[in-house]
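Colleague: If you want the building blocks of each chain, they are given just below.
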Amino acid sequence: MTGKQAPNGDEVILWAEHISKVYPGTIALNDVGFNICRGKVNVLIGENGAGKSTLMKILAGVEQATSGQFYLNGEPITVRSPRDAGRHGIGIIYQELNLYPNLSVAENIFIGHEMTNRAGTIRKKEQEDAARALMQRLEQAIDPRTLVSNLRIGQQQIVEIAKALAQNVRILIMDEPTSALSNIEVDVLFRIIRELKAQDVSIVYISHKLDELLQIGDHFTVLRDGQLVAEAPAGDVSLNWIVEKMVGRRPESLFTRDDHVVGKELLHVQDLALPRESGGFVIDHVDFKLYGGEILGIYGLMGSGRTELLETLMGLHPEASGSVTLDGQSLHGKDIGQRITAGLSLIPEDRQLRGLVQKQSVAHNITLASLSRYLNRFYLSRGKEQQSIAQEIRNLRIKTASPDAPVTSLSGGNQQKVVVGKSLLTEPKVLMMDEPTRGIDVAAKGEIFEIMNQLALQGLGVLFVSSELKEVLAMADRILVMAKGRVTAEFRRPHMTQEAVVAASVMASEYPQEKVLS
Amino acid sequence: MRSTPAKRGARADAKMVLLQLRTLIALFILVIIFAFSAPAFLTTGNLVIMVKQVAINAILGIGMTFVILTGGIDLSVGSIVGLCGMIAGGLINEGLLLQPLGVSVFFNIPMVMLLTLLVGVFIGLLNGIVVTKLNVTPFIATLGMLYLARGAALLRSNGATFPNLIGNETLGNTGFPALGTGTLLGLPYPIWIMIVFALIATFVATKTPFGRQVYAVGGNERAAELSGVRVNWIKMSVYAISGFCAAVVGLIITSQLVAAHPATGGSYELNAIAVVVLGGASLNGGRGTIFGTIIGAFVIGVLNNGMVLIGLSEFIQTAITGFVIVAAVVIDQFQQRVQRQAALQQAAMQVVEGQTRGGDA
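Quick note, the sequences are listed as chains V and W, same order.
Quick note, the first sequence lines up with residues 1405 to 1922 if you use our numbering.
Quick note, the second sequence lines up with residues 15 to 375 if you use our numbering.
Chain V with its partners taken away, still in its complex shape:
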């Protein structure tokens, strides 16, 4: 016995047992087991925050597990650094490519593992020959002397793969490899993946694009909320199976949207466009309206322009064109602070990067956006401030040891509530939430949705972006689907179905713009 076998008889080259990873505020992985079948495409699926990327970072030596063990060919291994991982033949290609645009293809491929002669200088010619051989193996006509900055994204991806192969990788992890690729480039990538399989390389493939997964995957593993929920070979897997395992329960039972009355028009967006530096548009002339008491969901894949849409409305991209009117008041030329005063607030997608000041306390985070409300002449009134802080902690049920506790000591869900509290204290008319439930546990998700419900009842307009379809379907009164910067479809209750929304989000080119499917 050299190793372990998957239920269908495939040989398992590497497996993980009881992997856990705790971050301040959240358990990213909870006692996870994971099998990688030899010479197969092992697909890892899960919603945002399910723990996929964390698991792969641990396997690649970028992060350390809190507990647990990996086995390679039956032998226990420890992976403390990316170098360790490389020694075991494990390579990873990240979502954001890690190439040096100022260096040549050959130099990139051998970075950190340069071929040197005895004096320690680089053997440039040998490197270039080896790089050329790798390109031939990948059937790509890329000159090893080209600067990486001169390559298209798809070609850069191939250089990443070559870089991994140059280190004799046996297990190659690909995290969302197609998110930036065109359809033709995806075909090339898939052909290369099949060739790598034929060369006995085991692939771990992470993606949100379910149709792609069904096309390329051999062995499927589903994570949910940091736990392993299912594992099956391709033959037993269907789109329904994936969705069911990812979501875990029926969406209707998770969240419910109360009946509501739609009020007056609060936000009117006309012809909003944000040009892309490399040509084209990140936001391609978008029009919509949002009414008081309404929850408007925006669904779209990564790169569809959904995040940029909210950022632009908030004033982060002053170069955008078009008109935005908030409660009858034009937002033209207003900066972020003025838009907040006008009644707009954004809960950003990345809580750590844009939502919280990690070095400060819960209290100081909550009041950061509304400091002018607590002024006593020219200083902050402790009383007024504490009153507002206590109010938000109570209303949002923020679990914290004290208002003065560091905000990083809270769980992910409670950190998110702090960001929500900060927004609410600015007394917004329209609240925009970008992926408000990312990386928080199920109970906290329910609470966030309850808060949205309440806000809509109070007459606020809520605009929320989510890539989790079930959430959008459960919560939104109306859904705008975005793809490639455009609004490709609009759905109203009760005419919203999963299939139609997904179709509109992936097949942008085939839908006429702003076709209303209701």
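There's no promise every hint is true.
Unchecked claim - No farther apart than 30 Å at their CA atoms in a straight line, the calculated lysine-lysine pairs in the DSS-like style are these:
no.: 1; chain 1: W; residue 1: K221; chain 2: V; residue 2: K1833
no.: 2; chain 1: W; residue 1: K221; chain 2: V; residue 2: K1788
no.: 3; chain 1: V; residue 1: K1803; chain 2: W; residue 2: K221
no.: 4; chain 1: W; residue 1: K147; chain 2: V; residue 2: K1738
no.: 5; chain 1: W; residue 1: K29; chain 2: V; residue 2: K1803
Claimed, not checked - Which stretches of chain W does chain V cover? Using the computed rule of at least three CB atoms under 8 Å from a CB of chain V, they are:
no.: 6; stretch: 209-223
no.: 7; stretch: 241-253
Hint data in this document are derived by calculation from the structure and do not stem from the laboratory.
Beta carbons are placed, not taken as given, at the ideal position from N, Cα and C, and that holds for glycine.
Could you slot chain W onto chain V? The hints should help.
Modeller: Frame of chain V, contents of chain W only:
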């Protein structure tokens, strides 16, 4: 702006308090050591001389604290001290030369001081504009200003000193030396200035929206921006504050010497950074206090003064000062690690609690 420790174990609490008060404790230990080893140390005369010296570093350090809290750095303060001294000296001895009229205008001393302070604020604002609008990293922007301001100071008099700044009765500009040498209730003015500045700065840092926003910008600039904080405005302001503090120090030193020399203030920026760092501020921004900076200035001051009194050579003094600064940061890193671990443990416990709660529901 330390967060008060939440309910944790009493032992961990005690450890934390000791770590947080470490600079203060170090200061007390230094005072005790020197009080025993150098009999002259605790005499009133020596203490006043020492604190006057401390005031220079402390005032520069107060301005520097605001800059460092935003995650920036100001290398130009030493040169601004020199330039502002030259501006003040020139205004007293030569007046303001109005080229087209061929006459010099002389101002009274309050006006000289006001103009000098405005120059300091203006140079600080220039730093801020280069950092924000022109997007130059603070290190480079203020390094450039370090040379620029020093060059301007030298140009003002072609390298010469403005001597004997006692003014002229007939021009109505006497009285300048009082700033550096005068006393109130037995304490020299510079010490009073330090005390008043420290109080105002503490108030601004902790009790005003401006102060809160300074911390936010240094802690997470992007989050601050999304919260409506005018990040560029905050940054320009902190460099202006730093320039203002440097101008004040320029006036004090020039007044103490009753002469303005263009090389005055050389490497003062390093002292200012050292006292801020000793005070527990993070060069990454978002963490630090005015009180800490004042304590840091006293540690450096007591150390230098005490080492002179016990007869250590200047060379050893310099080396020891360097050691103390690095040691302070090493201990600071240690404290951060302890704090992070405590937070991690607390977080893990909360998550576990959360799960059991979720299970019950």
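Colleague: All hints are to be evaluated individually against the structure, with a verdict given for each.
Modeller: Hints, verified against the model:
1. K221/W with K1833/V: holds (29 Å)
2. K221/W with K1788/V: Since the Cα atoms of K221/W and K1788/V sit roughly 13 Å apart, the hinted pair holds (cutoff 30 Å).
3. K1803/V with K221/W: Given that 30 Å is the threshold and the Cα spacing comes to 26 Å, the pair holds.
4. K147/W with K1738/V: This hinted pair holds, its Cα atoms lying about 18 Å apart.
5. K29/W with K1803/V: holds (26 Å)
6. 209-223: Answer holds; 4 residues pass the 8 Å Cβ test.
7. 241-253: Held - the stretch 241-253 of chain W has 4 residues with a Cβ nearer than 8 Å to chain V, which meets the minimum of three.
Figure legend: structure checked against the earlier numbered hints; every hint is met.
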